[in-house]
Amino acid sequence: MTLINTVSPDFPPTHIAGWFIFNTWLQNTLNERVRLELHDSFSQQQDAIQSDGVDMIYANPADAALLVREKGFVGVARPANHADEAVIVVADSSPVQAVEDLSPEVRIALTAQPDVNTMGMIMLEPADVTPSTATKLERDTYVLVAKALMDGDADVGFFLKDAYENLSSIVRSKLRVLVTSDIQVVRHGLMLGPRMQQHRQVLLDALLNMNSTENGKEILSNLGFDAWEEFRSEDVEFMIDLMETLTT
Amino acid sequence: MVIKDITAADVSGDYETREITFHDGSTRTVLVVDEEVPYPDGRLIVSVTDLEGRITECNKSFVDMSAYSREELIGAQQCILRHPDIPSEIYADLWSTIKAGNKWQGYIKNLRKDGRYYWVLATIIPTVRDGEIVGYASVRRKPSRKKIEEFVAQHLSA
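In the order they appear, the protein sequences are chains A and B.
Residue 167 in our numbering sits at position 167 of the first sequence; the count goes up by one each step and never skips.
Residue 107 in our numbering sits at position 107 of the second sequence; the count goes up by one each step and never skips.
These are calculated hints, taken from the structure and not from any lab test.
Glycine included, C-beta positions come from ideal geometry on N, C-alpha and C.
Keep in mind that a hint or two might mislead.
What the hints assert, rightly or not - Below 20 Å or equal to it, Euclidean Cα-Cα: the simulated DMTMM-like pairs (lysine to aspartate or glutamate) are: (1) Lys60/B / Asp151/A; (2) Lys71/A / Asp52/A; (3) Lys71/A / Asp235/A; (4) Lys146/B / Asp128/A; (5) Lys217/A / Glu229/A; (6) Lys147/B / Asp52/A; (7) Lys146/B / Glu71/B; (8) Lys4/B / Glu71/B; (9) Lys146/B / Glu100/A; (10) Lys60/B / Asp101/A; (11) Lys99/B / Asp47/A; (12) Lys161/A / Asp182/A; (13) Lys147/B / Asp182/A; (14) Lys147/B / Glu100/A; (15) Lys146/B / Asp226/A; (16) Lys147/A / Asp92/A; (17) Lys147/B / Asp101/A; (18) Lys103/B / Glu244/A; (19) Lys146/B / Asp235/A; (20) Lys147/B / Glu85/A; (21) Lys71/A / Asp47/A; (22) Lys146/B / Glu105/A; (23) Lys60/B / Glu105/A.
Unchecked claim - Here are a few chain B residues that sit away from chain A, every Cβ distance over 12 Å (derived from the structure): (24) Ile20; (25) His23; (26) Asp41; (27) Glu57; (28) Glu89; (29) Asp93; (30) Ala153.
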């Protein structure tokens, strides 16, 4: 049997090689055949989850409820001290200086990253912006979100903070951060489906020890983390509760 | 329930002495300063309570905005933040909603330890584990001024 590993499509493109290296490490650690399948979009990934075509996933927190409640996944580990934060950005030439300056009919450029979009919409609520008043312009990448702002097609853009900071300095010089989230508790995590849960303890022990070897540190570096910590059942449940409070 | 009163040593500037009566008939004396502390952009105030409303976890934003220390907050009743301007009917509705297993959302004026206040849009859900409600999770975010003005006109106008 070949197990299927996947990664939430919002991971930075610079980390693709890192996830393939991680998958090789995973096979050696578990002595199992594991294939890494990457999806181009959240909808493709959802289809794979729904058809039971995923055994392990580095999951966006917005997908935790589906994975746990409907598909029987459990958490195993998550990056230590690594929260998802969002930034709301305007063109540098924009007259908008604060969220409250925006009109409820704001045009938002965004990607399909669900947790960033949830945090972004919450940060626009003080301007009476709601999903029904705003116009959402979905783009495939954060570079295209930046372009929409620079071209004047959108009033604000939603970015994952890390992705915004990875834009070139030339692009960032034409943009301005309006507000940055400081939520601290919205985080991705590694989760295991039913066919893989027999390996949870072995995998957890190996992940927690990853930063104690030079090879492990290099794998972590290629993923953009320093270390893993346990993603306990209660942590997963709290994440599901948190996302529920944020989506209304 | 017993919640420590706010004393003159906790506040600065002009204040008004008020008394809050809780659902169980107990009371708390608070000192109220007519000064709003702006809700900081980008923050979420998060806390978890047990079934009786005692705070079991809270994040740094909760601590910062409350003006209490984390040690004072953990184990305290969530209503340590209750402002006397908010009618008790609002809290009665909140508790009946979440005890029934449902989500409650509304605007709340919270009282800080220093007598000043801040407005939030609060969302509270029951935390259900193995089919049982074991406590409540609360997330507060920055509210719309327009919505606060509407709330004040509807509920707080004398």
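Taking the hints in turn, this is what the structure says about them:
| no. | hint | in the structure |
| --- | --- | --- |
| 1 | Lys60/B / Asp151/A | violated (38 Å) |
| 2 | Lys71/A / Asp52/A | holds (8 Å) |
| 3 | Lys71/A / Asp235/A | holds (17 Å) |
| 4 | Lys146/B / Asp128/A | holds (8 Å) |
| 5 | Lys217/A / Glu229/A | holds (14 Å) |
| 6 | Lys147/B / Asp52/A | violated (44 Å) |
| 7 | Lys146/B / Glu71/B | violated (35 Å) |
| 8 | Lys4/B / Glu71/B | holds (14 Å) |
| 9 | Lys146/B / Glu100/A | holds (11 Å) |
| 10 | Lys60/B / Asp101/A | violated (28 Å) |
| 11 | Lys99/B / Asp47/A | violated (36 Å) |
| 12 | Lys161/A / Asp182/A | holds (10 Å) |
| 13 | Lys147/B / Asp182/A | violated (23 Å) |
| 14 | Lys147/B / Glu100/A | holds (13 Å) |
| 15 | Lys146/B / Asp226/A | violated (44 Å) |
| 16 | Lys147/A / Asp92/A | holds (12 Å) |
| 17 | Lys147/B / Asp101/A | holds (16 Å) |
| 18 | Lys103/B / Glu244/A | holds (9 Å) |
| 19 | Lys146/B / Asp235/A | violated (35 Å) |
| 20 | Lys147/B / Glu85/A | violated (26 Å) |
| 21 | Lys71/A / Asp47/A | holds (13 Å) |
| 22 | Lys146/B / Glu105/A | holds (15 Å) |
| 23 | Lys60/B / Glu105/A | violated (33 Å) |
| 24 | Ile20 | holds (26 Å) |
| 25 | His23 | holds (24 Å) |
| 26 | Asp41 | violated (5 Å) |
| 27 | Glu57 | violated (9 Å) |
| 28 | Glu89 | holds (22 Å) |
| 29 | Asp93 | holds (17 Å) |
| 30 | Ala153 | holds (16 Å) |
Hint check: violations occur at hints 1, 6, 7, 10, 11, 13, 15, 19, 20, 23, 26 and 27; the rest are consistent with the structure.
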